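S.K.: Kindly generate the complete structure, drawing on both the sequences and the hints.
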Amino acid sequence: MKRLLVLCSVAALMLACATNPLTGKKGLALTNENEQLIPMAYQQYTTFLKENKVITGTADATKVQNVGAKIKDAAVKWMASKGAQNQIASYKWEYNLVQGKEINAWCMPGGKIAVFTGIMPVTKDEAGLATVMGHEVAHALLSHSRKRMDKALIQAGVAQGLGAATSGSSAAVQQGLGLLYGTGSNLAMLAYGRGDESEADRLGLMLMAIAGYNPDNAIGFWQRMSSQGGSKTPELLSTHPSDKTRIADIQRLIPEAKAEATKFGKKY
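Numbered according to mature numbering (1 follows the signal peptide of the UniProt record, and there is no 0), the sequence shown spans residues -18 to -1, 1 to 250.
Bear in mind the hints are in silico, worked out from the structure with no lab data behind them.
Fair warning: this is a prediction, and the values are worked out from it, not measured in the lab.
By construction, the Cβ of each residue, glycine as well, lies at the ideal position given by its N, Cα and C atoms.
Among the clues, some could well be false.
Unchecked claim - Calculated cross-link-like contacts (lysine-lysine; reagent style PhoX-like; alpha-carbon spacing at most 20 angstroms):
#	residue 1	residue 2
1	Lys52	Lys74
2	Lys74	Lys32
3	Lys59	Lys245
4	Lys45	Lys35
5	Lys245	Lys64
Claimed, not checked - Across the chosen pairs, the derived CB separations fall in these ranges:
#	residue 1	residue 2	range
6	Phe246	Thr44	21 to 27 angstroms
7	Ile201	Thr40	26 to 32 angstroms
8	Ser208	Lys74	31 to 37 angstroms
M.R.: Rendered as structure tokens:
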């Protein structure tokens, strides 16, 4: 009976789906973003800022503020055009340049953005920075953090159900199934990560174009990222598309971004 209850619980979790109004895709809907993720994100962001050096009063810091404000305005306009303005009504937007060698930036649920100083030479100019910030804000708008948390819950639930279902089997069978599930589920999580990155690239191009930055400039940024060197993880085992794949996809998506921007009075 215990085994049956666990498996039924897992099945119920896997049936908890909702349609994303921005993509039209069905996905898991286990975590409440406004009630759970965003308050947690605000708390973590505050702690992060206290534990790291926030850069102010420099040309780069001003650039982050200016580009961030334009991307935010573009995001608000685009969400409203999709009838999804309520989804970000509680956002408390903030953009900070943070001292760090990381060639990275991120946007938490709720509009809390951090740009590391290490990525600024790669962005080169406002258009390059808009490429980065548009991409990161797109992750937030598309609720990718919530999706990953939901998948983690499912992963844990299925693992628990698998253990209960095989409890009467030999140790070798349990170990084999556990290894198979562990490998398969981790690869699936990575695949979802690559899908999220591609979605964020597409929407990020639209946001930078709506904000007034020619999306053609995104190609130059990703080419500069590609030339940073270092070891390259095979695409199958990475949460990001390969440089070659990403640049090719962006080239294909630029006309769509330009067309979307025309709806907001921008022409390129």
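S.K.: Work down the list of hints and note, for each, if the structure agrees.
M.R.: Hint check results:
Straight-line distance between C-alpha atoms of Lys52 and Lys74 comes to about 15 angstroms, which keeps the hinted pair within the 20 angstroms bound. For the suggested pair Lys74 and Lys32, the alpha carbons sit about 18 angstroms apart, so the restraint of at most 20 angstroms is met. Proposed proximity of Lys59 and Lys245 is supported: the alpha carbons are some 11 angstroms apart, at most 20 angstroms. Restraint check: the Cα-Cα separation between Lys45 and Lys35 comes to about 17 angstroms, which is no more than 20 angstroms; the hinted pair holds.
In summary, the hint linking Lys245 to Lys64 is supported, as the alpha carbons are separated by about 12 angstroms, within the 20 angstroms threshold. Our hint of 21 to 27 angstroms for Phe246 and Thr44 holds, since their Cβ atoms are close to 25 angstroms apart. At roughly 27 angstroms, the beta-carbon separation of Ile201 and Thr40 lies within the given 26 to 32 angstroms, and the hint holds. At roughly 34 angstroms, the beta carbons of Ser208 and Lys74 sit within the given window of 31 to 37 angstroms.
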